[in-house]
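Trainee: Take a look at the letters that make up each chain.
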Amino acid sequence: MQLAPMVGLYAPMNPNRGQIIVTERVQPFLKYPIATIRQTDEGTVIVGDSLLDATNPDEVSISVSVVMAERAVRMFPVLGRLNIVRMWSGIRVVTLAANHTLALARMIARGELDQTMVVAFSIRRFNVREAS
Amino acid sequence: MFERLAEAETEMVSVTINDKTVRARNGDSVAAALLAAGLTHCRTTPVSGAPRAPYCMMGVCFECLVTIDGVGNRQGCLIPVHEGMRIATQCGKRESSQ
Chain H
158 MQLAPMVGLY
168 APMNPNRGQI
178 IVTERVQPFL
188 KYPIATIRQT
198 DEGTVIVGDS
208 LLDATNPDEV
218 SISVSVVMAE
228 RAVRMFPVLG
238 RLNIVRMWSG
248 IRVVTLAANH
258 TLALARMIAR
268 GELDQTMVVA
278 FSIRRFNVRE
288 AS
Chain R
15 MFERLAEAET
25 EMVSVTINDK
35 TVRARNGDSV
45 AAALLAAGLT
55 HCRTTPVSGA
65 PRAPYCMMGV
75 CFECLVTIDG
85 VGNRQGCLIP
95 VHEGMRIATQ
105 CGKRESSQ
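Residue numbers (our numbering), protein chains in the order written: chain H, 158 to 289; chain R, 15 to 112.
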């Protein structure tokens, strides 16, 4: 948000903070991921679907964790018995990782951008007046 | 593997380890009782299944996790034994119902 204007770019960004609760490893009980709760192959259960309009990733909001935990236990009472091993929050980052590895790497190797593929990702897309 | 010192004889309690009755000293931690009973490991790890035994004996390493009175993943080295306590070694991940 501060960096872009320094190099003459207009890059509006919305802060979007999420936080999660991670439990100890348990035997599989949830075969499918659902929007708010997932269980990994190794057995940890990840609870979290929060979305806060905040940029400070160093803070875990306990009141948000309480709501997430209560909902999780209401859906799966068995979770109420488990120990929580960590909770954390972070800013959500949306990357174009797949594009970077699959398409962009080849373009860089070739020394030329394929405009039909990259034009949609031009920095100009942030300039609403020009794009419209 | 471990032997009790003769002069350390104090009041004893009965606990069960995997449904087998074992005598432990009043004041023993669960981990100490497991070692005194001759167990070579008290759990297997959740991911690779490697056998693990009590290690630090002071609540830091989490190697001594066992099921105590029906509750899984408890730190054996931090919990004193009591008469009638049911201790079970834990294979892999904790059961979510325990």
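Worth double-checking, as some hints may not be accurate.
[Said to hold, decoys possible] Some residues of chain H that are not near chain R, with every Cβ distance over 12 Å (derived):
1. 166
2. 173
3. 183
4. 184
5. 185
6. 186
7. 187
8. 196
9. 200
10. 226
11. 262
12. 271
[Said to hold, decoys possible] Short derived list, chain R residues pointing at chain H, Cβ under 7 Å:
13. 60
14. 87
15. 99
Rather than coming from a laboratory, the hints here were simulated on the basis of the structure. Note that CB positions come from ideal geometry on N, CA and C, so glycine has one too.
Trainee: A separate judgement is required for each hint: does it hold in the structure or not?
Mentor: Okay, the hints, checked on the actual structure:
no.	hint	result
1	166	holds, 45 Å
2	173	holds, 31 Å
3	183	violated, 4 Å
4	184	violated, 5 Å
5	185	violated, 8 Å
6	186	violated, 5 Å
7	187	violated, 9 Å
8	196	violated, 9 Å
9	200	violated, 4 Å
10	226	holds, 15 Å
11	262	holds, 33 Å
12	271	holds, 43 Å
13	60	holds, 4 Å
14	87	holds, 6 Å
15	99	violated, 19 Å
In terms of the numbered hints stated before, the structure departs from hints 3, 4, 5, 6, 7, 8, 9 and 15, listed from lowest to highest.
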